[in-house]
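First residue of the sequence shown? That's 7 in the working numbering, and the numbers climb one at a time after it.
It is possible that part of the hints are untrue.
Stated by the list, open to error - DSSO-like, lysine-lysine: derived pairs with alpha carbons at most 30 Å apart:
| id | residue 1 | residue 2 |
| --- | --- | --- |
| 1 | Lys109 | Lys379 |
| 2 | Lys248 | Lys90 |
| 3 | Lys248 | Lys53 |
Claimed, not checked - Derived Cβ-Cβ restraints for the label pairs, each shown as a range:
| id | residue 1 | residue 2 | range |
| --- | --- | --- | --- |
| 4 | Lys106 | Thr163 | 17 to 27 Å |
| 5 | Leu351 | Trp64 | 36 to 46 Å |
| 6 | Asn205 | Glu354 | 45 to 55 Å |
| 7 | Ile92 | Lys379 | 22 to 32 Å |
| 8 | Val274 | Asn205 | 21 to 31 Å |
| 9 | Val274 | Leu307 | 20 to 30 Å |
| 10 | Lys379 | Leu310 | 14 to 24 Å |
| 11 | Ala216 | Phe133 | 15 to 25 Å |
Note that these hints are calculated values from the structure, not bench results.
Nothing here was measured: the structure is a model prediction, and the numbers come from that model.
For glycine and all other residues, C-beta sits at the position ideal for the given N, C-alpha and C.
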Amino acid sequence: MTDNLKKEKKRRLASLDALRGMDMFWILGGQSLFAALFVLTGWQGWKVAESHTVHSVWHGFTFYDLIFPLFIFLSGVAMGLSPKRINQLPLSERTPIYLKALKRLFLLSLLGILYNHGWGTGIPASFDEVRYSSVLGRIAIAWFVAALLVWHTSFRTQMIVAVSTLIGYWLWLSFVPVPGGEAGNLSQTGSWNAWIDQNFLPGITYQNRATDPEGLLSNIPAITNALFGVAAGKLIANASVKGEWRTAGLLAAIGVVSIALGWAWSSVFPVNKDLWTSSFVLVTVGWSFVLLSVFYAIVDLCNLQRFAYLFVIIGANSIIIYLASSIVDWAYISRSLFGGFVLGLPSEWQPLMSVIGLLAVQLFALHWLYKRKILISV
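Could you build the full structure based on these sequences and the hints that come with them?
Following this line, the structure appears as structure tokens:
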């Protein structure tokens, strides 16, 4: 096998789809497993686990807070595995690449609006009742800006931008007074994020809150999640065959250091998902590095892809199944197929089997797509 073929094989990481699938698994219904297991067993440990399947109310961190930034991080990993500079190409050759990136940016943003249930009260469109901010929109923005940096700047410049963004965001939110307010106000109604969303964000905010969790200002630090993902991808892409385990260890070590730095920073700039604070970025980037190292070691280095198959089929069609989780009534389909069986079980078993049925119908659809090599990407 030639060196080029080795590199190409190495870039096709099964762990990337598997980790992306693990991330999506909790959105598809996996977050309900712990509550169901508690009903079945009564073990208090399941209650502790269940507390991490909801978002933090404001300051703080749960496992569920990691799902969104991990997805952004993985979009950066994909870029880092095969980074390309295009700034030296003639404009005629760059233009199609720019147009494709813009198309992805706008298409993901439109799909995000669809996920939010579309045009307010329906057609005819009530544009002032549309929620334009979305998870998919933020993924699109973070990916787009990170891609432009990867295409036009050195890796050193990308890391300087990432670190400078985190420091600048902290200084802005902590030391610059909000118009009509005060500096350092990190409340849901008095922060810079709230002021900008109330004055510049079109349409409505999530649950009509003053600060939208995917609001305008917090898009800026989210870009750094993608940039640090690029760094992780480059580490894996540059690893020699003999050094792959060392790379897995290095990914884990970087993750631990990032988590520690994030929690240290939280003493003056609290970890907060809705504000997407700089400390939140470091904590989520740290856990993303750790999880990537684990999946890279197990799935790719130990060649155990078959044990991660369910995660792989989710990750291979992650965008479409995420969109379907909003517009398809999977629970109704599950009840139609398994409802009689579930109701015939003892009451303590019913919640768990209901969750398994919900996951089963979605996984079957994803399995069908995967076996037919129908991979829908945006």
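Non-conforming hints, listed in increasing numerical order: 3 and 9
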